[in-house]
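Participant: Listed below are the residues making up each chain.
Protein chains: 2
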Amino acid sequence: MIVALAGGVGGAKLSQGLATALPPGDLTVIVNTADDLQLFGLRISPDLDTVMYTLAGLANPVTGWGILGDTHNTLAGISGYGRNIWFQLGDRDFATHILRTERLRQGATLTEVTAELAVALDVTSRIIPMANECVATKIQTPSELLDFQEYFVGRRQQEHVSGIIFAGIEEAVPSPGLLDSIETADLIVFCPSNPLVSTGPILAVAGITEALRGSKAPVIAVSPIIGGKALKGPADKMMSTLGHDVSALGVARMYAGIVDGMVIDQTDEGLAVEIEALGMQVLATQIIMGDTNDRKRLALEIITFGSSLIPAKASI
Amino acid sequence: MIVALAGGVGGAKLSQGLATALPPGDLTVIVNTADDLQLFGLRISPDLDTVMYTLAGLANPVTGWGILGDTHNTLAGISGYGRNIWFQLGDRDFATHILRTERLRQGATLTEVTAELAVALDVTSRIIPMANECVATKIQTPSELLDFQEYFVGRRQQEHVSGIIFAGIEEAVPSPGLLDSIETADLIVFCPSNPLVSTGPILAVAGITEALRGSKAPVIAVSPIIGGKALKGPADKMMSTLGHDVSALGVARMYAGIVDGMVIDQTDEGLAVEIEALGMQVLATQIIMGDTNDRKRLALEIITFGSSLIPAKASI
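Protein sequence lines correspond, in order, to chains A and B. Residue numbering for the first sequence follows my numbering, starting at 742 and increasing by one per position. Residue numbering for the second sequence follows my numbering, starting at 742 and increasing by one per position.
None of these hints come from the bench; they were simulated from the model. Each residue gets a CB set at the ideal place from its N, CA and C atoms; glycine is no exception. Please note that a few of the clues may not be correct.
Claimed, not checked - Heads up, incomplete: computed chain B residues facing chain A, CB under 7 Å, no partners named: (1) Gly782; (2) Gly818; (3) Phe828; (4) Asp832; (5) His901.
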């Protein structure tokens, strides 16, 4: 059993690689929900959807999010009513938000709804939200406190980030089964997701970091930073303005004490010594994931790397 | 000012004719909401939507309901999650249901939401639901009590109708402004809608029938039955199994005491004497509405007929 921690696109890609590298059912993906938002009365869970669509083989390979070939007529209709449609939602995608919202209003938990939707799409991996409670990432700029998606989509990540708040995090508890999955895992993988706003909220839910520290399984993180740049999204800019070293080393420092092994890009091999000094093993390889073969290849390398870490972890 | 009472397609067509025959803003359409349903957590108001789409020039002219050129990918997505999609909903159409539901959940009344949506679509006529409260038409068959849309769409109107119940009608009160619009109207028109399940629920809301009886304006009904058959829908079958004469005369009998003039098809001219015996004037003309010109032509004939009734009504 492997447990992956994932945000959006990068998390979804590696989760897919892991899913294809493992027997069906052997992967659990713990997904960030602090990016969730309420739009037109519907509950949107962008990271859960990206992971689910990718694992279901439905994802749009160009964007990494949304559904391949989806149309946008519902959103056009909403725009026709004079509403602001700053957040992209496809027609098939709306089905997800409509049914999620319906079930939540009926009293189902986000964990239950997520499982129902994923099973209906024949996803054999387990997808679990980090918590059933609502947590909302807020981005502090020098002049405003923005909702995450307002920063991320609305402002196209152009604002200077001077702080990050996970509103509601104190009330969040790990989803049912989440801590168990960590406890019984053979390997735990932090996908190449933004350490500040994707993995960060998951680690901030009470008990999750402690469970990871206490786990017998090796914990491996894949760097989302290559050569000082984020492959996707604002991780690099955020890390910079918040005073982190914008590198795989900077990521490793954030994960120090939790992670046993860092997977970094081969171009960053020069950082290996400093990362090892944080008490981690390093695997330097090709970490950019293109097609599904590439994702599986990286997943298999991570699994092999994980196996090599077991004795080290056991000796602690 | 003209007030029209409308159900779905027939009501929408004549409402459009009236709207084009009158200066902008001079038409108020009171719409049946007893066909409304909750689907996938969304509030669907089929008759309100049909009237609104038609008045906005968006309606699908082939079906009479839904939006011209609409796609059905949201519904396909919902079906992809294993849900039963017996009720047809287009993608642009979903925008209406999503925003209506959002606003209702925010505490807006159905009257407010309906006005907001119609204004956003540049509809200059006033569309008001019969009541803000939920009323649900139930169809009694020899073996079951069916929700209206289950009978109408799900069973394709094939069941024998032995009774009709408007659940919740006792708690319903006329929408704000509805009784005023009747009181200040110059002419009131019952569109060629099903007298049992379209006009029927409107007339059953406490105070509406009394207001119509008390109005100084002529009240004219257009027969939805021509030559013993309903132009659309199950009105003929329902009237038959419930013991009504399936004819314009049968319709007139249901409206006796409320309606001052019946507009019947020229092919039914032979019924005029018996209808007049109920205390109504009769206009026999071509009442099948094809294109928009046809709708306007009928509207103008009705307006002229209405003018001829004013002296008669004033003398009562």
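Participant: Now, for every hint given, state plainly whether the structure supports it.
Facilitator: Each hint, compared with the structure:
Residue-level restraint check for Gly782 of chain B holds (minimum Cβ-Cβ distance to chain A is 3 Å; threshold 7 Å). Residue-level restraint check for Gly818 of chain B holds (minimum Cβ-Cβ distance to chain A is 3 Å; threshold 7 Å). For Phe828 of chain B, the interface hint is violated, the least distance from its beta-carbon to any beta-carbon of chain A being 13 Å, above 7 Å. Here the hint on Asp832 of chain B is kept, as its CB sits about 4 Å from the closest CB of chain A, short of 7 Å.
Checking His901 of chain B against chain A by beta carbon gives a least distance of about 33 Å; that is not within 7 Å, so the hint is violated.
This entry does not satisfy hints 3 and 5, going by the numbered hints stated previously.
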